[in-house]
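**Q** Spelled out, the chains give:
2 protein chains.
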Amino acid sequence: MSPKKVTIIGSGNWGSAIARIVGSTTKRFPDEFDPEVRMWVFEEIVNGEKLSEVINTRHENVKYLPGKILPTNVVAVTDLVQSCEGSNVLVFVVPHQFVKGICEKLVGKVPADTQAISLIKGLSMEKLGGLKLISEEIKDILKIEVSVLMGANLAPEVANDNFCEATIGCKRKAQDGAFLKKLFHTENFRINVVEDAHTVELCGALKNVVACAAGFTDGLGYGDNTKAAVIRLGLMEMRKFVDVYYSGSNLQTFFESCGIADLITTCYGGRNRKVCEAFVKSGKTLEEVEKELLNGQSAQGPPTAKEVYLMNKKSGKDDQFPVFTAVHLICAGEMKPAQLVDCLRNHPEHL
Amino acid sequence: MSPKKVTIIGSGNWGSAIARIVGSTTKRFPDEFDPEVRMWVFEEIVNGEKLSEVINTRHENVKYLPGKILPTNVVAVTDLVQSCEGSNVLVFVVPHQFVKGICEKLVGKVPADTQAISLIKGLSMEKLGGLKLISEEIKDILKIEVSVLMGANLAPEVANDNFCEATIGCKRKAQDGAFLKKLFHTENFRINVVEDAHTVELCGALKNVVACAAGFTDGLGYGDNTKAAVIRLGLMEMRKFVDVYYSGSNLQTFFESCGIADLITTCYGGRNRKVCEAFVKSGKTLEEVEKELLNGQSAQGPPTAKEVYLMNKKSGKDDQFPVFTAVHLICAGEMKPAQLVDCLRNHPEHL
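Protein chains in written order, with our numbering: chain C, 25 to 375; chain Y, 25 to 375.
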């Protein structure tokens, strides 16, 4: 087998952090990987210079990951199709609203046995009230195998080489698990591979909804006990949601980094928590606090909560998910944040 | 069946908080419970008054739970044996070093069908390197059935009626589960009952060890990803520890309040975390920081870590528990805190 060519589709904060990892592993294993890693960069002018040129000469993404050097074998390419030509592994790490457009441009342009791995946390918004995973969206358009990588991975800390873990969900674990692990596993980025990829991916999306609930309790000043109860009940709803809409999940997967670890990080350190706390405390709209706090980034929790709510409503199960339902209703202005706890007193978990 | 008499053995912060709950539930269900709840109080003079008299006249534990009114049906009794006479349910909520002495004084003084429920988080220190649960210590001396109640329950927040959850572990769930739930379940204190009581109790003890590791990462400034990884790996060691030394635990129990919820609360808000963070940052001894930060209370994590270490060492399994082992070695001064992460890189969970 010739060494696999890897392309990173995306060059934001998380994309650049992961490029540092993939750049180092591909260099370390030249038998398995072509050391040249192409990174698709959406061209921008930063301080009068083209971002792609800065990356290719000074090896730094001065806009999205300033101060961190990228390995010299990571090469910025501004043409999407060219960046993926002949590539065997596509690492998707772009905001989820761009996935569809990107995939449509790549139809017919990548080898038939190419595979993808998605690092995108969220749900496809393509058909409201009809659940679609990002991995399914990629697969449906490109007809290729898609794995996912999720975990407790705040990008700045990964870029800082702080020790952490991540989970790869890979349906063909026996066939693909080992090389995917090799591509991402480093001294400070420890990978476990599991087979029920849909659970891994759903954890990555749903924990943002739970983090909104955690943020509400913070905003209401309810303390650690209540917050822990809300996080736990949220986790139970994550489990139930996976069970209801996808059969065959493994309970162990919720114990992986993509499960409880990412949930904890997000409920204490993440942006959804922060936005929802400020929403309660300030009395402003969600849009206003997002604008003030997130520097142009968006919080995935509220749209995911809406998606989940519509899905549950359609199947008549919204009352089985009190945390998820309350988060959507609060975000939509249809319920007061202070009513959150009332919704939890008769949670199905307490019956 | 005549209404059950309940005695609370202990009147500290947590004991007084739980007395508010038990006082209210016994009043609400007079068919099941005798509304007079006796609370054993270790007599002290507070501002020139006897603590027991203050409790019985002003219904406030001015020393350990000032500002919170106790229900008037909670009666302070300073004689231990008298407080338990004819009692059907003994609620143990004292520091664990007093359990043995208390039980020995009660031998032959309580009805044969009395049962106990322990709210004490820790391990018996009676025989070092030989695991003994507090519930087993009570059972061995008094020959009565012992259940446990554990959960994400910081006492001041429970006393403040903040919404939270707790788990009762009760081996004879079919027989005793319902009335025990009735005794503790309120609008803001939501109880789940499970059968593997040993798992519930071990979670309550072992999470303090994990919280020490979390505190070290905080002290070292490692950020949210690393902390989440340490908490997750600690949880996996809690599971393994229960499996190795007690067979037949139910994975679901780790999803209850006694499991992940209590672990989260303790790793973010608890005293073990706080002490261990200060230990790393200040360079002082553990004893010194405990004295400075805990106002005469003690942190259970370090002695529990020692107990767990000796147990694992004896059975040759210490290297299967890298988090637990590192916590003990760091607390004992035999390892530098900065070496913690090195111990985790080759954690059995990553193989």
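It is possible that some hints are incorrect.
Since the list gives no way to pick out one identical chain from another, each pair is judged satisfied if it fits inside one copy or across any two copies.
[Unchecked claim] Here are the computed lysine to any residue pairs in the SDA-like style, where the Cα-Cα straight-line distance is at most 25 Å:
1. Lys156 - Val78
2. Lys195 - Asp220
3. Lys92 - Pro135
4. Lys330 - Glu84
5. Lys338 - Glu60
6. Lys206 - His374
7. Lys87 - Asp220
8. Lys87 - His371
9. Lys264 - Val218
These are calculated hints, taken from the structure and not from any lab test.
**Q** Can you list which hints this structure breaks, lowest number first?
**A** Of the numbered hints, 1, 3, 4, 5, 7 and 8 do not hold.
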